[in-house]
Amino acid sequence: SAVISQKPSRDICQRGTSLTIQCQVDSQVTMMFWYRQQPGQSLTLIATANQGSEATYESGFVIDKFPISRPNLTFSTLTVSNMSPEDSSIYLCSAPMRRGTNNEQFFGPGTRLTVL
Amino acid sequence: GNSVTQMEGPVTLSEEAFLTINCTYTATGYPSLFWYVQYPGEGLQLLLKATKADDKGSNKGFEATYRKETTSFHLEKGSVQVSDSAVYFCALSVGTGGFKTIFGAGTRLFVKA
Numbered sequence: 001s002a003v004i005s006q007k008p009s010r011d012i013c014q015r016g017t018s019l020t021i022q023c024q025v026d027s028q029v030t031m032m033f034w035y036r037q038q039p040g041q042s043l044t045l046i047a048t049a050n051q052g053s054e055a056t057y058e059s060g061f062v063i064d065k066f067p068i069s070r071p072n073l074t075f076s077t078l079t080v081s082n083m084s085p086e087d088s089s090i091y092l093c094s095a096p097m098r099r100g101t102n103n104e105q106f107f108g109p110g111t112r113l114t115v116l
Numbered sequence: 117g118n119s120v121t122q123m124e125g126p127v128t129l130s131e132e133a134f135l136t137i138n139c140t141y142t143a144t145g146y147p148s149l150f151w152y153v154q155y156p157g158e159g160l161q162l163l164l165k166a167t168k169a170d171d172k173g174s175n176k177g178f179e180a181t182y183r184k185e186t187t188s189f190h191l192e193k194g195s196v197q198v199s200d201s202a203v204y205f206c207a208l209s210v211g212t213g214g215f216k217t218i219f220g221a222g223t224r225l226f227v228k229a
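Residue numbers (the numbering used here), protein chains in the order written: chain A, 1 to 116; chain B, 117 to 229.
None of these hints come from the bench; they were simulated from the model. Note that the structure is a prediction, hence the values are computed from the model and not measured. Take these hints with a grain of salt, some might be off.
[Unchecked claim] In silico contact screen, one side only, chain B against chain A (beta carbon under 10 Å); selected entries:
#, residue
1, Val120
2, Gln154
3, Gln161
4, Leu162
5, Lys176
6, Phe205
7, Ala207
8, Lys216
9, Thr217
10, Ile218
11, Phe219
[What the hints assert, rightly or not] Taking lysine-lysine and the BS3-like style, the derived pairs with C-alpha atoms no more than 25 Å apart in a straight line are:
#, chain 1, residue 1, chain 2, residue 2
12, A, Lys7, B, Lys216
13, A, Lys65, B, Lys168
14, B, Lys184, B, Lys168
15, B, Lys184, B, Lys216
16, B, Lys216, B, Lys172
Positions of the beta carbon are idealized from the N, C-alpha and C atoms, including for glycine.
Build the full structure now, drawing on both the sequences and the hints.
Structure follows, in structure tokens:
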């Protein structure tokens, strides 16, 4: 069964528009993370989303471009604003969860974004 | 800062060959180490992990040992299969509970029948 789900799974968007990606976790988690995987590249952390506070952004990423919401302990959204072709990537959310006696980081299936 | 360096791919092997994918890391503090796998068209999956020095993570015939003295976490498999063709990412996380994870560049593995 899916632990983390994302919507949409993929989208094709026009330059200058914005897309909001949703991430749903099947249990309450304190922290959620948003990553970007550009074509043929590794994953780069965009920001950490904490419930009840503003997201913490990594170097090179800003809130105006990637606003994040975290309204509760099971849900987060990432918006890619004013898109350009360089934003074409897979966007993934992740969250650490306890499974048995271990903590493990789970990843969503990703949202494949193509900007024309 | 924290970083992960892994061998560049692609790596092409014949079925039943021995696999090694090198990974070294730099970290402030005491990281946990991971190997993730991304099969074609699929999402990222945790393959194995190790949380302290000399720990060996293993899964599906893959192994990696946390070597603090050489800051390494090399992935090995004794006999690869075509179904192992995928991209493999070495990663580390630091800090308590948060699992802020830093990924290596990824190594693409092709296994020929």
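Here is how each hint holds up against the structure:
1. Val120: With a closest approach of 9 Å, the valine 120(B) hint holds.
2. Gln154: holds, 9 Å
3. Gln161: holds, 8 Å
4. Leu162: holds, 6 Å
5. Lys176: violated, 16 Å
6. Phe205: This interface hint holds because 6 Å falls under the 10 Å limit.
7. Ala207: holds, 8 Å
8. Lys216: Status holds, d = 6 Å.
9. Thr217: holds, 6 Å
10. Ile218: holds, 7 Å
11. Phe219: holds, 5 Å
12. Lys7(A) - Lys216(B): Since the Cα atoms of lysine 7(A) and lysine 216(B) sit roughly 23 Å apart, the hinted pair holds (cutoff 25 Å).
13. Lys65(A) - Lys168(B): With a Cα-Cα distance of about 38 Å, the restraint between lysine 65(A) and lysine 168(B) is violated, given a limit of 25 Å.
14. Lys184(B) - Lys168(B): holds, 8 Å
15. Lys184(B) - Lys216(B): Answer holds: lysine 184(B) to lysine 216(B) is near 20 Å, not above 25 Å.
16. Lys216(B) - Lys172(B): holds, 22 Å
Against the hints set out earlier in the document, violations occur for numbers 5 and 13.
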